Each structure stands twice: as structure tokens, then as C-alpha cells.
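Protein chains in written order, with my numbering: chain A, 1 to 314; chain B, 1001 to 1294.
Hints listed in this document are in silico derivations from the structure and should not be mistaken for laboratory results. Keep in mind that this is a model prediction, so the values were computed, not measured. Some hints could be false.
Okay, the calculated beta carbon distance ranges per label pair [unchecked claim]: (1) B/Gln1183 to A/Pro14: 50 to 58 Å; (2) B/Ser1196 to A/Asp308: 43 to 51 Å; (3) A/Gly89 to B/Pro1049: 46 to 54 Å; (4) A/Gly66 to B/Gly1122: 25 to 33 Å; (5) B/Ile1051 to A/Glu272: 24 to 32 Å.
Note that beta-carbon positions come from the ideal geometry of N, C-alpha and C, so glycine has one too.
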Amino acid sequence: MTAYVVRRLLLMVPVAFLVTIGVFMLIHLTPGDPALIMLGEDRTPQAIAEIHQQLGLDKPLYVQYGIWLGRLAQGDLGRSITTHEQVTGAIFDRLPATLELGIVSLLWSLIVAIPLGTIAAVRRGSLVDQVATGITVAGVSIPNFFIGIVLIFLLSVSLRLFPFGGYVPFTQDPIESLRHVLLPAIALGTAGTAINMRFTRSSMIEVLNHDYIRTARAKGASWRRVVFVHALKNALIPVVTIIGLQIGGIIEGAVVTETVFTWPGVGRLAVESIFNRDYTVVQGIVLLAAFSYMVANLLVDLVYGWLDPRISYS
Amino acid sequence: MSQAGTIVAAGEPVRRTPVALLGLLRTNRRVAVGVGLVAILFLIALLSPVISPHDPLATSPDDSYLPPLSPGHLLGTDELGRDLFSRVLWGARVSLPVAFVAVGVGLFAGGIIGLASGYAGGLVDLLLMRLIDALLAFPGLILAIAIVAALGPGLRNAMIAIGIVAVPVYARLVRAVVLQLKQMEFIAATRSLGASPWRLIVRHLIPNLMNPILVQVSLSAGFAILAEATLSFLGLGAQLPTPDWGQMINSGSTFLNNDAWLAIVPGAAISVTVYSFNLLGDSLRDALDPRLRS
């Protein structure tokens, strides 16, 4: 196991290195002088020179990358071109809102997906199964921003049950916080719900065909006990993989959902920064998204082996 | 919106002739429905200049905000009095080509990388796969947004960005199938008969890649349409006044209080389109993968 962890970490090094090159090159993909693009109409020679100096654009590319990587190693992602605040600070200020949204959406997805997926597997071919299957295909087909808009229309604008947009920190007022987070969380979690339901269903169907389930039934265990005590525990192992990847991909989904619900998180910061041509902030967020995805992948692999002893790391 | 979950299993390579694939339409109801829905969408995209009752760009301020089922405007009109039904029909003409160019970019670049990696093996495989791992390290939508942010908003750049996101999916898929095929006796036999690498790839490897690629193309097209709509919704894809579904939802969302249909109609169009491609991909995978057939 230790050898496997070390090997995986070593394999991550070149990938992480390539990721940093990709993120660094983001600024240099812009056609023409990045400084001119970032400044837009407000380009004075002084402002251009300032950005050239701040980003080291007057130096050769490899030198620029070396300087950028050196700063990155110290946790310094540079300063925002528009607000002049530290990029790291700007991201970490917005991160709690994104994490709150991501956690609630994940919880919502699990609360819906696991029971429905289990029932669909147990009653294969029934109406519940057909409805669940329909939800899984529709869930991955409907854009989350559209789900958000429909939820706003139905539950905020028409029925006035939930506030439209805005954020209240959980520490400030838990009830209000939940009222504000619920709609964006449902919108963000719909695709995840569909995928988790599908995995729970197929994994449960497979587990229910195993001999030990038949043995448990033969020994007189009730069907409910067999499903929820014996089968579900093992059926959820593959679901853990997907959940891990969904945690790693929280920022990705948040980009659109936070824009729809004016949620002050990292995703909305990304969109605002793109329109402000604030590439240093965009770089920081893309880097954070990529690294959280990579770490989530690694953790999923490790947890998977821990949960399922049959998996060999040799 | 990661694509990771949609990568299809390599499966046992069974080459099917076009006639056999057509036979699936008769024997498999889900495949037939999927093909039928996608065919209808293509017909709409192709015929929208003929079947649209109005010019999708023509404004008529006197007719603005007409509700659905108004005389002469089946789905109503938007804030500038443009016919929503015509704009939705023309939207297919924007979304489908974007999706197919993007999938084409991904398939071409990813296919070449996957073939080279799987066929050559060794150091070439190691280096190319690290590159692919690096691309896979970025969540799909974040990578697309980052690329469009750098290249500038617009449909052409959106196509390139979505295509780049699809590259690792095809590279991994093609490599996996090529590695599997390389172990098979017919490849060893062909090689021992003196077939050149070019002949081996073109005559024996590529035809056996068609089944998994066909499935992946259907699933990727659904993803590409969703990604294009998302980019356009954020203002990074199609620009005004192009009748694009994502962009229409964006402008329609500001009128939710009184005219919610302006956002709901194009949203339904995207959902039905993506659903059709996902249904086709899913049903093809079930029909073509022997392990899933039971």
C-alpha cells in the first residue's frame, strides 16, 4: 500500500508540472500583447509598463515561468490586475461560500440518489425503476443553469418560498443560510444526483446477485435487512469513487450555478475575472480547480482500496 | 460537467459492417428512438431556413413579449419582438455544427495521440499519456472556460475549447482499444505476413475502433452541446444577435417575473437535444458492448 501511495505521488509530479505549464501559458494564449488585452480601453503606456513589470512579460518565456513557479511554491499567485489584492486572498475569501454550496449539493444528491437508486435496483423493471432511470438520463441532459432558472421561477418568483440569490454564512444564521443555499444546491447537485443514482442502481443489482445475499436470505434475514445492512454497504463502494470526483469538481459546477444565483463564491469570481480580463485571478482559480481534481482522484483511488480489500495495489 | 463518467468501455472488438449497424435500427427499439430523435434534430437544423415562419433576427418592437400561442407566433416573441419559435429552430443550426466541429477536433487529435501511444508503446506512450493526464487533471468546463477566456469569446473559440476538452477522452479510448487489439492473434498474423505499420493501422486497427468511437461520438456530442450552451449562457460563446440557445436563456432569464417562457423554451430545446444524443450513446453502448447486452 505504501509503495502504491509513493508511486502515485511520484506519477503526480510530472502531471502537476504539466498542469502548471498549462495554467501559466493561459496568459500567453491571448492573441497579441496580454497587457493590452487586460487593460482594454484604459491603456496608458505607464499601465502597460506596470503589467509588463508585474508579470515579467519583458523576460524570456522560460524565465517568466521560473519566476511564476517560484512564487507559486510560496503560495503567491500574484495580484489581481483590477482590484490589486492578492489572488490567494481573493480566492480564499470566496472559498467558504463555494464549499458550503458544494457540501449542501452533495448531501442533497446523496439523500435523493441512494434511496431511489436502491429501490430502483430492488424493484427492477417496476414503475419506480423506470422513473429513476428517466431521472438519470434527464439529470445529465438538462443544463444546471436551466434547472436553476426553473427553480427560481417556480419557487422564488411564483411561490415565493425561497429567496432569489444572495448568501448568508452558516455561522451567521443557519436557518437563513439553508434557505438561501437550497435552490443553488439543488441546481448544482442534479447531475450528480443522476450519476449517483445510476451507479447505486447498477452496483446494487450486481451485489444482490452475489451468493452471500442468497445465504443471508436462506438464513432467514428479512429482505429489508438484506438490502440495507448486507447489500447497500458493499454496493456503495463504487459510488464513493464518483462522490470523490464530484467533490473535486465542485468549483467546475459552481462557475455557472453561482452566476445564476449571484452566489459570492469562487465560480462567480472566475466569471467576473474573465470579463474583467483579470488573468492572474483566472490562472489562480483554474490552478485550484485542477489541483483539487487531481487530489480528489488520488484520494478516491486510495479510499477505494481501503474500502474494498479485494483490490490489489501490487 | 466532466466527461470522465462518459468514457465508454473499450469492449471486445467486433467489427460490424454498416449493414449490421443498420440492422440494429430494426432490432433495438432504444437505438431506433435515439437515431430517430437525432435525425429529427438534424432535419430541423438543415431545414430551419425553410420551415422558420419568421426571420430569427427580424425585430418588431410593436410585437414584443407576445405570449406563446399568439396569432402568427407559436412560442411568442422576445423583448425585441423576434419570433421565439424561429429563433429556437435556428438555434439548432448553431448548436449542432458547433458540437460536431468540437467532437471532430477531439476525435482527430485524440485519435492520433491514442493510436500513436497505443501502437508505439514505450517512451512515446509514457510521454503522451502524461500529457493526456495533465489535460484530464482539468475539470472539462473549467478547461473550456479557461481556453475561451484566453482566446476571447466567440463561437469559433468555443468550438476549439470544447474540442480540446474532448481530446483526452478519445486518446484514452483509442489507446485502450489499440492495446487490446495488439494482443490479438489476427494482428500478430497480419504483422508476420509482412504488413507495414501503415497498413496495419489503416486496414486492421482503425476499422475495429469504429464501435467504441461511434458510442463515444454520440455521448461527446451531448456534452459538447451542453458545454457550448453553458459558454454562451456565460457570454463566452455565441454573441448577440446570433440565435443561440444558451445565449437566449441568458437574456430570457432577466424577464422571469412576467415572461418566463423566454428562458424556458430554449432551455427545453437544449435539454431535448442533449437527451437525444445521450439516449443514442447509451443505447448504442448497450447494444454494441457484449458485456452489457444481457
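To see whether the hints hold, each was checked on the structure:
no.: 1; hint: B/Gln1183 to A/Pro14: 50 to 58 Å; in the structure: violated (27 Å)
no.: 2; hint: B/Ser1196 to A/Asp308: 43 to 51 Å; in the structure: holds (45 Å)
no.: 3; hint: A/Gly89 to B/Pro1049: 46 to 54 Å; in the structure: holds (53 Å)
no.: 4; hint: A/Gly66 to B/Gly1122: 25 to 33 Å; in the structure: holds (30 Å)
no.: 5; hint: B/Ile1051 to A/Glu272: 24 to 32 Å; in the structure: violated (40 Å)
Violated hints, in rising order: 1, 5; the structure is consistent with all others.
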